[in-house]
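Here my numbering is used: the sequence shown runs in plain steps of one and ends on residue 492.
No lab work stands behind these hints, which were simulated from the structure alone. The C-beta atom is built at its ideal place from N, Cα and C for all residues, glycine as well. It is possible that part of the hints are untrue.
Claimed, not checked - Ranges of calculated distance between the beta carbons of each label pair, as one might list FRET restraints:
| id | residue 1 | residue 2 | range |
| --- | --- | --- | --- |
| 1 | 275 | 330 | 19 to 25 Å |
| 2 | 359 | 396 | 29 to 35 Å |
| 3 | 275 | 390 | 35 to 41 Å |
| 4 | 474 | 453 | 18 to 24 Å |
| 5 | 341 | 267 | 42 to 48 Å |
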Amino acid sequence: MLLAATVFLSAFLLFQVQPIIGKYILPWFGATPGVWATALLFFQLMLLGGYAYAHFIVSRLTWHQQAVLHTVLLALALISLPITPTEALKPANADAPTLHILHILTVTIGAPYLLLSATGPLIQRWHAQLHPGRSTYRLYALSNLGSLLALLSYPLLVEPYFRLRSQTSSWSWGYVAFAVLCAASALIVYRSSRELDAQAAGQDAVHIGSGTVKGDDPTWATTLLWLLLSACGSGLLLATTNQMSMDIAVVPFLWVLPLSIYLLTFILTFDNRRWYVRPLFVALLPLALSNALRLLYGGIDLGIVDQVLGYSLTLFICCMCCHG
Numbered sequence: 169m170l171l172a173a174t175v176f177l178s179a180f181l182l183f184q185v186q187p188i189i190g191k192y193i194l195p196w197f198g199a200t201p202g203v204w205a206t207a208l209l210f211f212q213l214m215l216l217g218g219y220a221y222a223h224f225i226v227s228r229l230t231w232h233q234q235a236v237l238h239t240v241l242l243a244l245a246l247i248s249l250p251i252t253p254t255e256a257l258k259p260a261n262a263d264a265p266t267l268h269i270l271h272i273l274t275v276t277i278g279a280p281y282l283l284l285s286a287t288g289p290l291i292q293r294w295h296a297q298l299h300p301g302r303s304t305y306r307l308y309a310l311s312n313l314g315s316l317l318a319l320l321s322y323p324l325l326v327e328p329y330f331r332l333r334s335q336t337s338s339w340s341w342g343y344v345a346f347a348v349l350c351a352a353s354a355l356i357v358y359r360s361s362r363e364l365d366a367q368a369a370g371q372d373a374v375h376i377g378s379g380t381v382k383g384d385d386p387t388w389a390t391t392l393l394w395l396l397l398s399a400c401g402s403g404l405l406l407a408t409t410n411q412m413s414m415d416i417a418v419v420p421f422l423w424v425l426p427l428s429i430y431l432l433t434f435i436l437t438f439d440n441r442r443w444y445v446r447p448l449f450v451a452l453l454p455l456a457l458s459n460a461l462r463l464l465y466g467g468i469d470l471g472i473v474d475q476v477l478g479y480s481l482t483l484f485i486c487c488m489c490c491h492g
């Protein structure tokens with residue numbers, strides 16, 4: 169229950185903070201489409217960094233060391249709270265806005281966001297070792313649920329009824345609650361560290377003694393293909409969001425919509441094989457690409473609803489192909 173609550177809250181905070189901080193700094197840079205595009209790039213890179221951190225400590229550190237290190241970093245990240253950008257961070261001029269935006273995001277949300285990004289894979293790994301034989305899918309499903317709720321609740325509930333300063337303050341208190349839950353989860357791992365280390369050592373000994381060859385490991389070519397397809401999906405998200413902001417409006421709803429679609433394609437492709445019919449989406453891909461060209465070169469003559477639907481459908485089909 170504790171691990172489940174930690175994963176859910178971390179996913180919710182991870183996606184809720186994106187429109188909050190994006191809208192906060194938007195007026196500082198003239199409300200241009202590039203503000204959200206830069207912010208989205210920052211969040212994508214930090215998410216990748218969080219995954220890399222989780223992979224590193226799980227593969228290189230003992231369970232005792234993982235619990236201690238993660239708890240210490242959680243405590244240090246509290247120093248950056250609240251995440252409300254101060255007036256001192258406001259740019260004095262419009263020179264190099266991209267660097268200014270990246271600097272503001274790093275100072276205000278960098279450390280908390282990195283640790284939130286690492287929580288999903290890290291907690292799932294801890295759960296798998298603490299409860300051998302149990303599926304981690306429940307945690308994965310809770311993570312997806314928290315992410316979608318965060319994105320959908322912002323334009324419907326948070327943005328209309330809460331002032332920006334209240335949003336950043338509430339999010340900061342939410343992060344404190346997350347840090348407590350995550351530290352409690354780490355404490356469970358810490359107390360079980362000797363047993364977990366012995367269990368891991370026994371598994372390694374079995375593999376070595378039996379001369380097991382990891383024949384199912386992906387080849388370098390397959391790994392490279394996965395990376396390229398993932399990068400294409402991420403690039404499509406950035407491009408679609410930026411284009412919608414330029415052609416339609418720079419508003420949080422048009423930031424949240426592509427991100428929700430992007431997340432939905434992950435949920436559908438990794439949930440169950442029945443959701444992803446490869447021949448269908450491969451057949452739809454040329455239509456999606458031709459629709460993208462139509463929107464790019466003639467979209468200005470279309471209505472707002474047609475543009476939103478067109479961009480959304482194109483992003484959905486292309487990301488289903490990339491993630492499937």
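Each hint, compared with the structure:
1. With their beta carbons about 23 Å apart, residue 275 and residue 330 fall inside the hinted range of 19 to 25 Å.
2. Taking 29 to 35 Å as the suggested C-beta distance range, the pair residue 359 and residue 396 does not conform, at roughly 42 Å.
3. In this structure the hint that residue 275 and residue 390 lie 35 to 41 Å apart at CB holds, the actual value being about 39 Å.
4. At about 21 Å, the CB distance of residue 474 to residue 453 agrees with the hint of 18 to 24 Å.
5. For the pair residue 341 and residue 267, the supplied restraint of 42 to 48 Å is violated, since their beta-carbon distance comes to about 30 Å.
In this structure, the earlier hints numbered 2, 5 are contradicted, and the remaining ones agree with it.
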